[in-house]
Amino acid sequence: MRRYLGKRTITAIISVLLVLVINFTIIRLAPGDPARLLVGTEAPSAEQVELITKKYGLDKPVYVQFLKYLGNLVRGDLGSSYYTNEPVAKLIGEKLGYTALLTLTALLIAVLLGTWAGISCARHIGGGLDNFVGSITYVIDGFPSFWLGLMLMLVFASVLGILPYSGIMNIRENYTGFRRVLDIAEHMVLPVATLAILHFPYYFRISRAAMIQTLGEEYMTTLWVAGMPKRRIFRKYAFRNAILPTVTAVSIHMAYIVTGSALVEIVFGWPGMGSYVMQSISRRDYPVLMGIYLMLSVSVAVMMIVIDVLYAVLDPRISHATRN
Amino acid sequence: MTRSNDKIAKLNENRHLKLSGKSPEKRERFLRHGRPHAHAHGARRKAVKLFIRRNSRLCTGLGMLMVLLFIAATAGVFSPYDPQALSHDMVAPPGAAHPLGTDGLGRDVLSIILHGSRISLLVGFTAAVISAIVGTLLGVTAGYWGGRVDALVGEFINAFMMMPTFFLILIVIALFGSGIGKVMIVIGLTGWTGNAKVMRAQAMSLRNRTFVKAAQAIGESRGRIMFAHIIPNGIMPVIANTAMGVCTAIMTESSLSFLGLGDPNVVSWGQLIYNGKAYITNGWWICVYGGLAIVFTVITFYLIGDGINILLNPKLRNVM
Amino acid sequence: MALLSIENLNVTYTTNGERVYAVDGVSLDVLQGRSLGIVGESGSGKSTLMHAVLRILHEKIAKVEGKIVFDGRDLLALDDREMMKLRWTELAVVFQKSMNALSPVHRVGSFMRDVYHVHRPEASREEGRARVLALLEMVNLPAKRVYRLYPHELSGGMMQRVGIAMSLMFNPKLLIMDEATTALDVVTQTQIIQEIQALEKQLNVTRIMVTHDMSVVATACDEVAVIYAGRLVEMGSTLDTLVDPLHPYTRCLIQSYPNFSDEGDACRSIPGTLPDMRERPEGCIFAARCPEAKEICLLQKPLMRDYGARRRAACHFAEVKSHD
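Protein sequences appear in the order of chains E, F and X. Taking the working numbering, I'd label the letters of the first sequence as residues 7 to 330. Taking the working numbering, I'd label the letters of the second sequence as residues 435 to 754. Taking the working numbering, I'd label the letters of the third sequence as residues 8 to 331.
None of these hints come from the bench; they were simulated from the model. Just to be clear, a hint being listed does not mean it is correct.
[As the list claims (entries may be wrong)] The calculated label-pair distances, taken between Cβ atoms and stated as ranges, are:
no.	chain 1	residue 1	chain 2	residue 2	range
1	F	Arg-582	E	His-130	24 to 30 Å
2	F	Ile-652	X	Asn-147	52 to 58 Å
3	X	Arg-88	E	His-130	19 to 25 Å
4	X	Leu-85	E	Leu-188	58 to 64 Å
5	X	Ser-263	F	Arg-488	48 to 54 Å
6	F	Ala-662	E	Tyr-171	26 to 32 Å
From a predicted model like this one, the values you see are computed outputs, not experimental measurements. All C-beta atoms in this analysis are idealised placements derived from N, C-alpha and C, irrespective of residue type, glycine included.
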């Protein structure tokens, strides 16, 4: 298993290194003085510029700069947001929780619904349900994420008025305890629905394709000819075999979940990473942006490794292959 | 097959057969299959109809593309107003003067939609073509050369693929400015990984084919083999992928505009939604029609890309 | 006394509005204790024929007409439940063993035990295990070890033996081997065929072997039926048929096997390909490729004629060579 992990881990590490290099070079390639960019676009004081220059070694040769950069990173220092002057790492950490709440809930719904729909449709390929759901997923694929959010907001918050527009809770009434949880939940409905709808086609396709392939395998015919009732075959053999690709898909998806949800968060004013990115863009808060970018790529890399382990555990073919 | 042909030809001369008067092709068909011939003139029309029926996605997509190209070409003719012209009729609901309403600054939504098609198509095509070129070059190098080159370039492709590219685009545009040209280039330079992987796979399978080995034996240079033999033969899946790439490019451009990083001087649907976001409650038509235009365009290219894939690999007909 | 009797069987596939006549008017019978080999090119319809006997063709796509009498019962008249009871207990099949003949994520023993419990639900776990172990030993496999293995850990020959063991689980009267040895190398193939011949004597099983390999039939089958493009062209005892083939197609098939004495001669293949099975020609099905075809072959369908001693052929010009 160690040898199998090796290859993907190396790719993951390389991609993180790529991000580091990109982060590093892009600031220095951009129009404008890197020091100014790192401090902020509004007129920085001379001392601020001096401070930044020293910290990143901007007056020293490139390789020294890079070493300093790496050194800062290793210490966990992603730089400070010019705006609030707090360390980027801390700021990201705060927002991450809100994003996770939204995206994980949406992911769960999308996976359950999509997989169930995919499996059901696979059993009756070309049937009415299959064509119907298939067409719907096709159309969903064409929706821009932010537009779908806006449309749901329009229908449910504006026209029907049954759900709140934005935010995470009703700030006018300061609910506590269970009432507060309900309030948050109510505010979650629209963004979660948007995300779940957007991710539904992905899981639908994967589980459907996996199930179609599994149903066509020879052992399925053997079991059926041997007389095993279809329900049993499905439950014990089809399901267990077809679920593997979905599991991998979920893990891979988890890696990219933050990027997908940023736009939806912005539409609904959800105080997570997405909105934070938006703010940082408008303020041109580069340290934050680069810090987020780095963090994302690291989490992707970590997820890739987790996926490999997971798959090796679930599929006896792989764990055996690497053992020998 | 020659044996059977000779035999049939010989039998044709035999007058015992009651087939005189019919053309040789028809006679042959009769002899072979014992059935009267099918109508020859209706066959072509039937073949086209069959093609359309079997490749419904591709043909629907192409039809929609025709509509889009028509709109883009004639936007100047059919737009009732200049899309960038401000007016006093702000956030006006759809009516006689403005069939799709106006936005916050009084600009006619219909005109914006018609003109916006140009930018979307332009950005889509350009970015997709750039990523196709970059991807094909990198992919064919990795796939055909193999060995250490593949290890290096292939790893690079994989690593790049893992990176969250949307954020990279965000940062680059934020740093370098949001002109539409820059947007196209950046999207193109980040979206090539899919094409690279496809081309690489094609190159790896093609390099073992006889005609490639023959070219190598003749002494053709590596470059010539790549450009004259491998790329042309492996290009079809890349074309399908590029169609999908157009979808992604259009979505990315509209997402960038929605975040405020779009080119404000250009008429784009994403920009329309960005400006219309604030009026979602009292001016729903701005965002709705802008979005519908995007959906229509994305689905068009998705159908085309999917359709080409199905054409290349009929087994995919079952896949949604 | 015929164990299996097929009368005028037609199998018609309907897809995309087109009809494919996969099996056209086939009549043959299998005597108890006399193994039958069904030979034909790829795509000739021989597998479809067996699938029809087993009734595992999808109703919506394939229409089966005719009579299939097995042990006195018309299989086409049985309903699904009765057929399910019949399958595997009296009528079993061994498919061509590809990688996924058994479920990849379940162990071999567990899989086989599951099949056992389908028809013996009241049996205990130990009984099931004991039966499976006995079967594995019967096919010369290290029973205890194979029981615990996963399918991907088996070699092709081992997988084949597992398939045979599984098919013999309930001592069926008739065993159909559908291209069962095609995927094996010659050495393993010979071994397995010998083992099967020993087993069927021991267990009183009648075997049908579907194959494209005439040499397998020559060594292992008592009788042979030759199928071309969905029609039966010749049938008879293996010895008679190989020594004095009645039908030109059979002659071509036999000739296409290179002889030791043919060193230096070119290979003799049959020019052309199978006809379009969407059409039902009025003449002989083989006429377009037959080296001995005359006019009448193209215009009139040859009837199946008896030549004594269970020999039949469908050719206008077939004659038994008189023995000197």
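Okay, the hints, checked on the actual structure:
1. F:Arg-582 to E:His-130: 24 to 30 Å: violated, 50 Å
2. F:Ile-652 to X:Asn-147: 52 to 58 Å: holds, 54 Å
3. X:Arg-88 to E:His-130: 19 to 25 Å: holds, 22 Å
4. X:Leu-85 to E:Leu-188: 58 to 64 Å: holds, 60 Å
5. X:Ser-263 to F:Arg-488: 48 to 54 Å: Hint violated: Cβ distance 37 Å, outside 48 to 54 Å.
6. F:Ala-662 to E:Tyr-171: 26 to 32 Å: Given range 26 to 32 Å: violated, Cβ gap about 59 Å.
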